[in-house]
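A.B. asks: Guided by the hints, dock chain B onto chain A, whose structure is given.
Just so you know, the sequences run in chain order A and B. Sequential numbering from 1 applies to the first sequence in the numbering used here. Sequential numbering from 1001 applies to the second sequence in the numbering used here.
Honestly, the hints are just simulated from the structure, not real lab data. Treat the hints with caution; some may be incorrect.
[Claimed, not checked] Derived, one-sided and incomplete: chain A residues facing chain B with beta-carbon distance under 8 Å:
1) M1
2) L15
3) T24
4) S34
5) A40
6) A44
7) T47
8) M52
9) A65
10) I72
11) L75
12) T79
13) I80
14) L81
15) T85
[As the list claims (entries may be wrong)] Derived DEER-like restraints, expressed as beta-carbon distance ranges:
16) B/Q1142 x A/V84: 16 to 24 Å
17) A/I14 x B/V1098: 19 to 27 Å
18) A/L63 x B/R1092: 56 to 64 Å
19) A/G73 x B/R1092: 35 to 43 Å
20) B/L1035 x A/F37: 19 to 27 Å
Computed from a predicted model, the values in this text were never measured in an experiment. Built from N, CA and C at the ideal position, the CB exists for glycine as well.
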Amino acid sequence: MHYLTPILVWLGQILLLLATLAATQLTSGSFQYSLNFAIATVIAALTLAIFMRLKPADGVIRLVALSGLLWIGFLLLLTILDLVTR
Amino acid sequence: MATGNEAPAEQFEDMEQQNRAGVLGMWVFLVTELLLFGGLFGAFAYLRVAHSEVFADAAHHLDLPLASVNTAILLTSGLTMVLAEQAVHACRRRLGLVFLLATVLLGLIFLGIKGWEWHHEYQKQLMPILGLPFIYPGEHSQIAELFFNFYFTLTGLHAFHMLVGLVILVVMTIQVGRWQIPGRLTRQVRIVGLYWSFVDVVWIFVFTSLYLLRG
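Here chain A stands alone, though its shape is the one from the complex:
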């Protein structure tokens, strides 16, 4: 069994959680929001890559995961772009 990697990833996620909370307390506005989402993305990426084993996965599984990410990326981007360009 390989305990070390999952435990280190978990520790990293907890530290990132603390970092995002600190960012919420110490900063504000769009800089804070960008920081919050960047940290959330890193936490999610750690879960996807290590816990969900996307990193060692074969091409087909990575393609499925990427298609999901692309889809939601387009959805959010185009929705917000529509609003801010009015």
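C.D. replies: Quick look at chain B alone, frame taken from chain A:
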């Protein structure tokens, strides 16, 4: 280690293909779940940009410290789930049971805390569902009500997914307890682990969107 003495199902050439098919099937399902949550996030993002000040103010009425603890609990359950997968794969039945039970316990604690939060919001009359009165202690209460609608929809949908996950985890715990066909158990625990991790990932963005954007 869980061995390959098990014969593959009729439609597969070998166990490796069957394992890959199972994992791929779960990933495809998770992408459909992303469609489900994605629609909600898209609508929330639109309204968050359109009514940024009111939504930021409304977020202050949520219990950030409690939700932060809850987030840490859910992240820890992700760890115990991965360790359960590893234990079952290494044919360590007792250790697998310990980690599966830990995951179930952490999931139950998460739902308990979530229920407690909802109860608080109900007491503060910030629960605009099922015809309950919504009394917002600030300006623009109709827009704030939109925020709380999203809050209960997103957290409610997430909690429902947690509940389904917990039921499956309890079934898996019983199966691991019986320890029949270890190879099959390894596959099943891995697939359940994918679902549990996904629920984790969704919560990270639910937490960030609802609780943290308050500056």
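A.B. asks: Hint by hint, say whether it matches the structure.
C.D. replies: Verification of the hints:
Using the Cβ-Cβ criterion of 8 Å, the hint placing A/M1 at the interface with chain B is satisfied: the shortest such distance is roughly 5 Å. Hint status for A/L15 relative to chain B: violated, with the closest Cβ pair at about 11 Å, above 8 Å. Checking A/T24 against chain B: minimum C-beta separation of about 5 Å stays under 8 Å; hint holds. Violation of the interface hint for A/S34 is found here, the shortest Cβ-Cβ separation to chain B being roughly 11 Å, above the 8 Å cut-off.
Checking A/A40 against chain B: minimum C-beta separation of about 4 Å stays under 8 Å; hint holds. Interface hint at A/A44: satisfied, since its Cβ lies 5 Å from the closest Cβ of chain B, which is below the 8 Å cut-off. A distance limit of 8 Å between C-beta atoms decides the matter here; for A/T47 the minimum to chain B is near 5 Å, and the interface restraint holds. For the restraint placing A/M52 at the interface with chain B, the shortest Cβ-Cβ distance is roughly 5 Å, inside the 8 Å limit, so the hint holds.
The beta carbon of A/A65 is positioned within 8 Å of a beta carbon in chain B (closest approach about 6 Å), and the interface hint is therefore held. The beta carbon of A/I72 is positioned within 8 Å of a beta carbon in chain B (closest approach about 4 Å), and the interface hint is therefore held. Against a cut-off of 8 Å between C-beta atoms, the interface hint on A/L75 holds, since the closest Cβ of chain B lies about 5 Å away. A hinted interface residue such as A/T79 counts as satisfied when its beta carbon comes closer than 8 Å to some beta carbon of chain B; here the least separation is about 5 Å, so the hint holds.
With a least beta-carbon distance of about 6 Å to chain B, the hint placing A/I80 at the interface is held under the 8 Å criterion. Checking A/L81 against chain B by beta carbon gives a least distance of about 10 Å; that is not within 8 Å, so the hint is violated. With a least beta-carbon distance of about 11 Å to chain B, the hint placing A/T85 at the interface is violated under the 8 Å criterion. Range check, B/Q1142 to A/V84: about 23 Å between beta-carbon atoms, so the 16 to 24 Å window is met.
With their beta carbons about 21 Å apart, A/I14 and B/V1098 fall inside the hinted range of 19 to 27 Å. Here the CB-CB span from A/L63 to B/R1092 is close to 33 Å, at odds with the stated 56 to 64 Å. As the Cβ distance of A/G73 to B/R1092 is approximately 40 Å, the hint placing it in 35 to 43 Å holds. Here the CB-CB span from B/L1035 to A/F37 is close to 20 Å, well matched to the stated 19 to 27 Å.
Of the numbered hints listed earlier, those contradicted by the structure are 2, 4, 14, 15 and 18.
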